[in-house]
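**Student:** What follows is the residue order along each chain.
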Amino acid sequence: MRAGAAAAVCRYLGIRLGQALIALFGVTTAVFFALRLSGDPAQLLAPQGASQADIAALRHQLGLDAPVWRQYLDYLGNLLHGDLGYSYVQHEPALTLITQRIPYTVNLALAALVLSAVLGVGAGMVMALNRGRWPERVLTPLVLVGQAMPAFWTGILLILVFSVTFNLLPSTGFNGFDSLILPAVTLASLSAATIARMTRGAVLEQLDRDYIRTARSKGAGTARLVTRHLARNISIPILTVLALEVANLLGGSVVTELIFAWPGIGQLTVQSVDGRDFPLIQAIVLLAAVVYIAVNFVTDIAYAVLDPRVTTTGKAAGP
Amino acid sequence: MRTSRNLRMAALIATAAAALAACSTPPSGGTAPKAGSAGTSLTADLASYPASLDPGLQYDTDSYSVYRNIFDQLLRRDPKTNKIVPGLATSWTQKDPKTWVFTLRSGVKFSDGTPLTAADAAFSIQRILDPKFASQQNANFSAVASATGSGNTLTITTKYPSPTLLSYLTTLSVVPKADVQKVGNAAFNLHPIGSGPYTFVSSIPGSQVVLKRNDSWWGPKPQIKQVTFRAVPSGASRVADLKSGKADIADSMTPDSATQLTGSSGLKVLSAPTERVSYLAFNTIKGGATNDPKVRQAISMAIDYKSLITNLEQGYAKPVNSVLTPLAEGYPTGLPGYTYDQAKAKSLIQQAGAKGKTIVMATSPTYDPQIVQAIQADIQDIGLKVSIQNTDQATYLKKVQSPTHDWGSIRFGQWSCSCLDADGVAYPLFHTGTIWSSYSNPQFDALVDKARQTIAPATRTQLYAQAYGILNKDLPGIGLFQIDAIYGASAKLEWTPDAQQSFFVADMKLAS
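Chains as they are written, first to last, in my numbering: chain A, 1 to 319; chain B, 1 to 512.
Since the hints were made in silico from the structure, they are not lab data.
Misleading hints may appear alongside valid ones.
What the hints assert, rightly or not - The calculated lysine to aspartate or glutamate pairs, modelled on EDC-like cross-linking and capped at a C-alpha distance of 16 angstroms, are:
1) B:K399 x A:E92
2) B:K132 x A:D40
3) B:K83 x A:E92
4) B:K346 x B:D406
5) B:K83 x B:D498
6) B:K473 x B:D179
7) B:K159 x B:D381
8) B:K132 x A:D274
9) B:K398 x A:E92
Unchecked claim - Just the calculated beta-carbon pair ranges, DEER-fashion:
10) B:T114 x A:L17: 49 to 59 angstroms
11) A:V161 x B:T262: 35 to 45 angstroms
12) B:S146 x A:A23: 33 to 43 angstroms
13) B:T114 x A:L76: 41 to 51 angstroms
14) B:K159 x A:P67: 44 to 54 angstroms
15) A:A66 x B:P403: 15 to 25 angstroms
16) B:Y340 x A:L76: 39 to 49 angstroms
17) A:A23 x B:N390: 31 to 41 angstroms
18) A:H60 x B:V101: 26 to 36 angstroms
Said to hold, decoys possible - Chain B is nowhere near these chain A residues, computed Cβ spacing over 12 angstroms in every case:
19) I22
20) F33
21) Q48
22) V68
23) W69
24) V89
25) S163
26) L258
27) R276
28) V295
The structure presented is a predicted model; accordingly, all values stated were derived computationally and were not measured.
By construction, the Cβ of each residue, glycine as well, lies at the ideal position given by its N, Cα and C atoms.
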């Protein structure tokens, strides 16, 4: 029986890994060819007065004059050797440029994730448990505002209030914990709102269940009700939303990083797309795909750990 | 110098900030904790992180602003007159039309202690010309046949007589040959060593570069001891940094944010006319209606030049009489320039039989959409229809530079050759067969070809007067205005920006 379960888990992991590799291959191929339809980096790199010959020379140096299938095979070959290419604009290996920036983005995304999970789940619980009473009436519009405000607006608003007017926190840049607060709040506001709505819905759905009524009739207080009875049952839908939000946080960090001059992957992405820095864009997209796939993978496994009713054959009960 | 590209997002953010500025109160002068002005250290906000710190590679505005403080340039320009003056080279002579000899300042040392010689200067040019180095400045020095150095004497020969050589040598920063060869190009880019007034201290890639004063520099001792260049891509955030005292100076301000800053206590706006010119270029080959010179003339009379300068550029621009700025060598001072005459423009359109015809205007988000729309409205007022085709910069370049000339009828652009010379505009924009040109006139080509191999300034000026005379009659393009570089700064900063957008910290002073 146990050996059978282990084999099932192994088979499951094998299939998921295979799927992940196919997805990665698809992403790299699509990005590679889409980029080559999007304009010529040599034209962007050359000085304004450059001649046709200057641009052709630059194109040759960058290897962009070879047939596209040739470039593609070279790219795949290098990729298999762990070589992600060399940035056209910054004259450094793409991998070096990315690894320099990853810690900043991870810092920001983690801070925002924790913040949005705590605020979101907390607000959602309070709203559901106080249905129709004043806490819900106060929180609902706040959640709506959080949902409706785009990051570029929230960010500037926070800078104007906390940096320009009250001079409490640094406006931009990376300089210790102080400078993490505003960007993290900006990035978290949207996710927190989503999580709050989700949590409220999930809790309300559970509140009518028999086990809750039983617990209540046994005299369980709100605190015990939440920690001992509700928490496990609402964890699956919340986990699903959180996993999706990780992707959103990484995506949303582009705007937030630009406003707060945060030296993470988001800024690097914008710069590289702007300059048609092909090797760098390809490397960033590959990284994003790996993160996305990994998060999904970990979430699936977490389902099984949190809820034994979920089988490893992938029939997760998430909404 | 290439433009630092604006993102549409930045415009959006700026709008949001402008809307909010009304309800924010500026902090009073003394209360803000001045992170940047402790002692004599300066914090400067740039629009992006320098693409390279190696002066042989990139030369976009932000890279330029940082690395030119670390290195000495072979020649410099007088910030007031723009005349070429000694830098590392103290004197120079022309032996024959194709040979130049420079004498270098003696006793100059790199910050690692090695003496700077003519061999280093020659090496700095040679590496830019080396195809393997893939330098974006290669095209600027393509006239150079060879560069050799011995002792304090640098000899440069050109493939043909090149009147713009000295101009481009003002952009040449001299690197230490021995160190570059020892550590390699990649390592040098991360930790550059130069002979300039500042030395590299540290960097956080994508975020900031810190430089400190080089106390053994040969020039007058700069007042500012340490400078931190920060990359702050959002214009609104740069304004917030100035207002909260986090930055002492910020680059790449828009006219709108400048107007916003003028009202803040403790801050000021600094600006200087640059050699960047805003222009319209016509497709005279496959442009449809714009193939007809009458239509082009009508359009040149349809545009309200004054309104563009006062209303959209808020006065941070100057009128021009051709597709060139008065700063350039060879500017045709005698040309009458353009007139705004709607009635005459309408009748010209009638005469040309173009009334109601649609012309396509190509543009990209790099260029201010407000100006593009104002021009569209002006042209529609005289009876043409204008359809704007907005594509991203890479696609725009691909389209406009294609030899098939089917990019549309009219385009708005900004031009700067970073050479302050008439040739840098006339040749690449309008000479037959160049990538930007959708115009062909043998008479004009002959004049420009002759001028670009003539050294005597008086003869060149005469040739350009004729060439630009043709352009103003034939109108393959229209100069709209000369663009100002705008900086926001703390009121305590003493500095006068120049036409080259040089960001020489050695010239700056911070009052305590």
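**Student:** Measure nothing beyond the straight line between the CA atoms of K132 (chain B) and D274 (chain A); if it is 16 angstroms or shorter, mark the hint as holding.
**Tutor:** This hinted pair is violated, its Cα atoms lying about 24 angstroms apart.
**Student:** When you check the alpha-carbon spacing of K159 (chain B) and D381 (chain B), does it fall within 16 angstroms?
**Tutor:** 50 angstroms, violated
**Student:** Per the hint of 39 to 49 angstroms, is the separation of the Cβ atoms of Y340 (chain B) and L76 (chain A) within bounds?
**Tutor:** At 58 angstroms between Cβs, range violated.
**Student:** Does the claim that R276 (chain A) lies off the interface hold, with its Cβ farther than 12 angstroms from every Cβ of chain B?
**Tutor:** Contrary to the label, R276 (chain A) does not stay out of reach of chain B, its closest Cβ about 5 angstroms off (not over 12 angstroms).
**Student:** When you look at the beta carbon of F33 (chain A), is every beta carbon of chain B farther off than 12 angstroms?
**Tutor:** Given that every Cβ of chain B is farther than 12 angstroms from that of F33 (chain A), nearest at about 15 angstroms, it holds.
**Student:** Should the label of V295 (chain A) as a non-interface residue stand, given a Cβ cut-off of 12 angstroms to chain B?
**Tutor:** 24 angstroms, holds
**Student:** Using the beta carbons of T114 (chain B) and L76 (chain A), state whether their distance is inside 41 to 51 angstroms or not.
**Tutor:** 45 angstroms, holds
**Student:** Examine each Cβ of chain B, and state whether all of them lie more than 12 angstroms from the Cβ of V68 (chain A).
**Tutor:** Since the minimum Cβ distance to chain B is about 15 angstroms, V68 (chain A) lies beyond 12 angstroms and the statement holds.
**Student:** Hint says 31 to 41 angstroms; check whether the CB-CB distance for A23 (chain A) and N390 (chain B) agrees.
**Tutor:** 34 angstroms, holds
**Student:** Examine each Cβ of chain B, and state whether all of them lie more than 12 angstroms from the Cβ of V89 (chain A).
**Tutor:** The claim is violated: V89 (chain A) sits with its nearest Cβ about 5 angstroms from chain B, within 12 angstroms.
**Student:** Just double-check S163 (chain A) for me: nearest Cβ-Cβ distance to chain B has to come out over 12 angstroms.
**Tutor:** 4 angstroms, violated
**Student:** Between the alpha carbons of K346 (chain B) and D406 (chain B), is the straight-line distance 16 angstroms or under?
**Tutor:** Violated, because 26 angstroms separates the two Cα atoms, which is more than 16 angstroms.
Going through the hint list in order, the structure does not satisfy hints 1, 2, 3, 4, 6, 7, 8, 9, 11, 12, 14, 16, 21, 24, 25, 26, 27.
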